[in-house]
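Trainee: Line order of the protein sequences matches chains A and B.
Mapped onto our numbering, the consecutive letters of the first sequence carry residue numbers 1 to 318.
Mapped onto our numbering, the consecutive letters of the second sequence carry residue numbers 1 to 251.
Take the hints with a grain of salt, since some may be wrong.
Stated by the list, open to error - Facing chain A, from chain B, some residues (calculated, C-beta under 8 Å): (1) H76; (2) Q107; (3) S115; (4) F212; (5) R213.
Hint data in this document are derived by calculation from the structure and do not stem from the laboratory.
Computed from a prediction, not measured in an experiment: that's the story for all the values here.
Beta carbons: idealized from backbone N, C-alpha and C, even for Gly.
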Amino acid sequence: MNHKTPFWVWGLVLAGAIALPLFLHARDMDFYVSMLSRMMIYGIAACSLNLILGYGGLVSFGHAAFLGIGAYTVGILITEGVTNGWVGFAIAMGLSALVAAIIGAISLRTRGVYFIMITLAFAQMIYYLVNSIKAYGGDEGLNIKQRSDFGLGLDLKNDVTFYFVVLFVLVLSLVLISRIMASRFGRVILAIRDDDVRVDAIGFASYRYKWVLFVIAGTLGGLAGALMVNHQNYVSPNLMHWTQSGILMVMVILGGVGTLTGGLWGALVLLILEDVLAEYTLHWQFYVGWFLLAVVLLAPKGLAGLLRRKSTRKGGHA
Amino acid sequence: MNEGALLQVNDLVKNFGALRATDHVTLDVQPGEIHALIGPNGAGKTSLVAQLSGHLPSDSGQIFFDGQDVTALPTHARVRSGLARSFQITRLFKSFTVLDNVALSVQARSGNNFSFWRPVHSEKALTVQAMAALHELGLQDRAQDPASELSHGEQRILELGLAVATQPKLLLLDEPMAGAGPVESERILQLIQKLRADVAILLIEHDMDAVFRLADRISVMVNGALIATGTPQAIRLNPQVVAAYLGEEHA
Numbered sequence: 001m002n003h004k005t006p007f008w009v010w011g012l013v014l015a016g017a018i019a020l021p022l023f024l025h026a027r028d029m030d031f032y033v034s035m036l037s038r039m040m041i042y043g044i045a046a047c048s049l050n051l052i053l054g055y056g057g058l059v060s061f062g063h064a065a066f067l068g069i070g071a072y073t074v075g076i077l078i079t080e081g082v083t084n085g086w087v088g089f090a091i092a093m094g095l096s097a098l099v100a101a102i103i104g105a106i107s108l109r110t111r112g113v114y115f116i117m118i119t120l121a122f123a124q125m126i127y128y129l130v131n132s133i134k135a136y137g138g139d140e141g142l143n144i145k146q147r148s149d150f151g152l153g154l155d156l157k158n159d160v161t162f163y164f165v166v167l168f169v170l171v172l173s174l175v176l177i178s179r180i181m182a183s184r185f186g187r188v189i190l191a192i193r194d195d196d197v198r199v200d201a202i203g204f205a206s207y208r209y210k211w212v213l214f215v216i217a218g219t220l221g222g223l224a225g226a227l228m229v230n231h232q233n234y235v236s237p238n239l240m241h242w243t244q245s246g247i248l249m250v251m252v253i254l255g256g257v258g259t260l261t262g263g264l265w266g267a268l269v270l271l272i273l274e275d276v277l278a279e280y281t282l283h284w285q286f287y288v289g290w291f292l293l294a295v296v297l298l299a300p301k302g303l304a305g306l307l308r309r310k311s312t313r314k315g316g317h318a
Numbered sequence: 001m002n003e004g005a006l007l008q009v010n011d012l013v014k015n016f017g018a019l020r021a022t023d024h025v026t027l028d029v030q031p032g033e034i035h036a037l038i039g040p041n042g043a044g045k046t047s048l049v050a051q052l053s054g055h056l057p058s059d060s061g062q063i064f065f066d067g068q069d070v071t072a073l074p075t076h077a078r079v080r081s082g083l084a085r086s087f088q089i090t091r092l093f094k095s096f097t098v099l100d101n102v103a104l105s106v107q108a109r110s111g112n113n114f115s116f117w118r119p120v121h122s123e124k125a126l127t128v129q130a131m132a133a134l135h136e137l138g139l140q141d142r143a144q145d146p147a148s149e150l151s152h153g154e155q156r157i158l159e160l161g162l163a164v165a166t167q168p169k170l171l172l173l174d175e176p177m178a179g180a181g182p183v184e185s186e187r188i189l190q191l192i193q194k195l196r197a198d199v200a201i202l203l204i205e206h207d208m209d210a211v212f213r214l215a216d217r218i219s220v221m222v223n224g225a226l227i228a229t230g231t232p233q234a235i236r237l238n239p240q241v242v243a244a245y246l247g248e249e250h251a
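Next comes chain A alone, as it looks inside the complex (with noise of 0.2 Å):
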């Protein structure tokens, strides 16, 4: 809360981050301009996980369920014949944060250990119904021939303009939550991760925050998924199995837990390092597992907390 990053690494970041697709383009690199945004659409879907996990201190182990939501909601609107991205994105965004509504107005009633499991059986649920749908793929997923069409130019398979569509959604996102985390309301999601009793205690109905705060992740989380459906032309139920939850939690405690970009830089890290050790190695994986135990033991607020680390050392507890 009190330490803040300089207005100009922000500035910095964003500048590299639409000088390197140009770049890369220029060089007849669009393969690797294609690889970031999906490590982008990862980041957002990560961000929007740490809503919940990080700054509300809600284990929700169910996630994807709304990528999953997001990206199918689009893939059968865009088979169907409605290929408007802005009515796709809307449906899938809409019909996100209804699921959200549901399953967070059913599990935020119980905590802790009852909690990550509801969330999770929810999200298992999906997946299983998702999977049985046969006139959509069924278990082998759906191809979709084209992708969201949202006029203005913007034609989407080109992978640089992809890119600039993904890079502005992501800092929509980012500035929406960092907006929302200074508001009235995220004060009190802070709080209640502090302690949720005391909020109730002092005149909030803690509930109805936390099941706001649930809805807008969800809801967050089918936008990824929306643009997710678009970079693959395919969504299977994969995307919305429980691995693919985990996977979400990961990036966000790699990346730092209830931080305003730890979700994002943990998308990247754990993307990049799946990459560059699938290229040696099978187990991958298991590499991964020493590097995340090293982050854990080393930097318990993540990859974000390291960074900030060295510009603050007021606040005590970092």
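Given the coordinates of chain A, assemble chain B onto it according to the supplied hints.
Mentor: Then chain B, alone, in the frame of chain A:
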């Protein structure tokens, strides 16, 4: 039933399995009164506070507060109607500054809290009111320190302050001096003296000197039931109370 009581508790019961934690308790707190609740450890005082604050549902009986039946109301609604509590084991927002702790109590009773865009730090009114509350508590010099860095005694004061900052009509204080040293205990005692002008208090406390200095009336709880209620003088002389709890020392 007692007309004009701020808090009226009728025949309240709470069972934990075979254990009756609250055994048909009837008591009232009058406006402006400090009503102390004393009794040995395990008598059920904290359970009773939890029932009054809404943290623990009651098995039977009613709780009327400020003319309203609050028996079925959730905690936050009771706080909003002016019934706030402090905790025996300190519950602060440890990652917040001292000022932000109190500001959150102020925030709870002012304005729309489902506001997502405007930075809360830009709201001068919250800071001003919270700072005023810190002055009352004598914690103004620690305003910008993290709550986790306060001494134990200061944490006890802030614990009290979080409840006071909700501007209640009735405060349920669950051992406000628990664990505080003599100096800080005296500070807390002075604070309670100052508060009594504005707010009625149901006080649970083991420090008998403090109880007898502060209380207008005292109720004695043993094994979940009230065995006596009366003025400090009457309680001091009550043979049943002396036998069950006070012993000869305070008689």
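Trainee: If a hint holds in the structure, say so; if it doesn't, say that too.
Mentor: So, going through the hints one by one against the coordinates:
Checking H76/B against chain A: minimum C-beta separation of about 5 Å stays under 8 Å; hint holds. The closest approach between the C-beta of Q107/B and any C-beta of chain A is roughly 6 Å, which is under the 8 Å cut-off, so the hint is satisfied. A hinted interface residue such as S115/B counts as satisfied when its beta carbon comes closer than 8 Å to some beta carbon of chain A; here the least separation is about 5 Å, so the hint holds. Restraint check, F212/B versus chain A: the minimum CB separation of about 28 Å is more than 8 Å; hint violated.
For the restraint placing R213/B at the interface with chain A, the shortest Cβ-Cβ distance is roughly 27 Å, beyond the 8 Å limit, so the hint is violated.
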